[in-house]
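Start from the sequences, fold in the hints, and give me the full structure.
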Amino acid sequence: MSTYLPFDTQVEIIKRVFRVKSLIRFRSVSKQWKSLIDSSKFISDHNLNQPHSHHILVRYKYKPLASEHRYVSIVDDDSFPQHKFSPSVTPIVNQLNDDSFILCSSHGLVCLYGYSRDRKNMIVVWNPTIRKSFGIELSYKPDAVGFGVCPKTSNPKIVTITFLCEVDTVKWIGKVSTLGCGGWRSVSLDLPKSLKFKRSEAVVDGVIYWVASNDMSQDMIISFDLTSEEFGKVDVSDSLLHPRIQLSVFKHKDPESLVLVSYDDRALDCDAWMMIKSEGPKYLCTKLFSHKFWSIDGTAGIMGFRENGEPIRQRLYMPDDDDVEDDLYTSLEAYEPSTQHIKDLGFEEGYYSFMMASYTETLFLLNHSESIIQ
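Numbering (UniProt numbering), first residue to last: 1 to 374.
Treat the hints with care, since some could be wrong.
[To be verified] Lysine to any residue pairs mimicking SDA-like chemistry, simulated, CA-CA at most 25 Å apart: (1) 63 with 88; (2) 120 with 151; (3) 21 with 180; (4) 132 with 115; (5) 84 with 57; (6) 193 with 215; (7) 193 with 229; (8) 193 with 138; (9) 15 with 150; (10) 15 with 34; (11) 141 with 177; (12) 84 with 120; (13) 343 with 354.
Hints listed in this document are in silico derivations from the structure and should not be mistaken for laboratory results.
All values derive from a computational prediction rather than experimental measurement.
Quick look at the structure:
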């Protein structure tokens, strides 16, 4: 870059113009550039000012009992799903066992949780773009784990919720850990004792959301504000809370939006609702579409959404060829509800287990070492 430009002007240009991979190369120009790009302020400013490239990260395993997980990243633009590549998986991510799963993503960071290969509870936060990750080993097994980047401080935070049942104590315990600050803080938490958390969560606009069910098997949504560090219960119409709901995220125009997918197992269909925060705990819900998740061609459940709001579904079906080894096949498809147009994501025919998360290209974790905190 021209030496005739003041350094501060150069900083503003690269902050707004250059994408993540170009900035990684820029770090080798000089110690001054490396120090700048690695700084927390630059990373945060770049995240706010730079238009992000969106990706769909898919974790899959062919014949789930016979092979290891693999990852593929699909560029989420007009070429979707043609531009695919295999991201470099870090050694810490590879330490997770086969029973681990993807929790959610926030600001380009993907959070996974499960047992490590030496059978320890471990949370892993991974930036697939810059090939950086960190892990946190837990000495206990929480009932729920949450993750998100605080919009005020740009600090990644881990949240755990654990039900403690001892001789003289029966209560819920909430804990929060901020990356780089060390240790855990206790957070006030008042929940029904009979609550059970499900594997459905999302983080939107600085708030983590979980699906949980009470002793009447009715689902509800629990929230955690990453700035105020307060828990709450989301107020939505009971008619939307069928015995089976899931949460997801898509980008609606500019801001990200929380989506509730409500399954009606009797009618064999589901409705997707965009949730918009109103006053206090209340949310207004706008119906996006209805989807028949069962047909003669197989079953199809919604796994997430593209950046343009188009749902991605996993379809389970019987192969046409009677001589194939597997009785059932699975596929991933982008589905356009208004036209019912289906776009296959291009995995070879077979039986797979799929997980997915959407993420953007950011510099988060660039200034952190690859490590596991115990």
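The hints, checked one at a time:
1. 63 with 88: 23 Å, holds
2. 120 with 151: Given that 25 Å is the threshold and the Cα spacing comes to 31 Å, the pair is violated.
3. 21 with 180: 24 Å, holds
4. 132 with 115: 20 Å, holds
5. 84 with 57: This hinted pair holds, its Cα atoms lying about 10 Å apart.
6. 193 with 215: 9 Å, holds
7. 193 with 229: 21 Å, holds
8. 193 with 138: 23 Å, holds
9. 15 with 150: 20 Å, holds
10. 15 with 34: Satisfied, since the Cα-Cα distance of roughly 13 Å is no more than 25 Å.
11. 141 with 177: 16 Å, holds
12. 84 with 120: 33 Å, violated
13. 343 with 354: 17 Å, holds
In this structure, the earlier hints numbered 2, 12 are contradicted, and the remaining ones agree with it.
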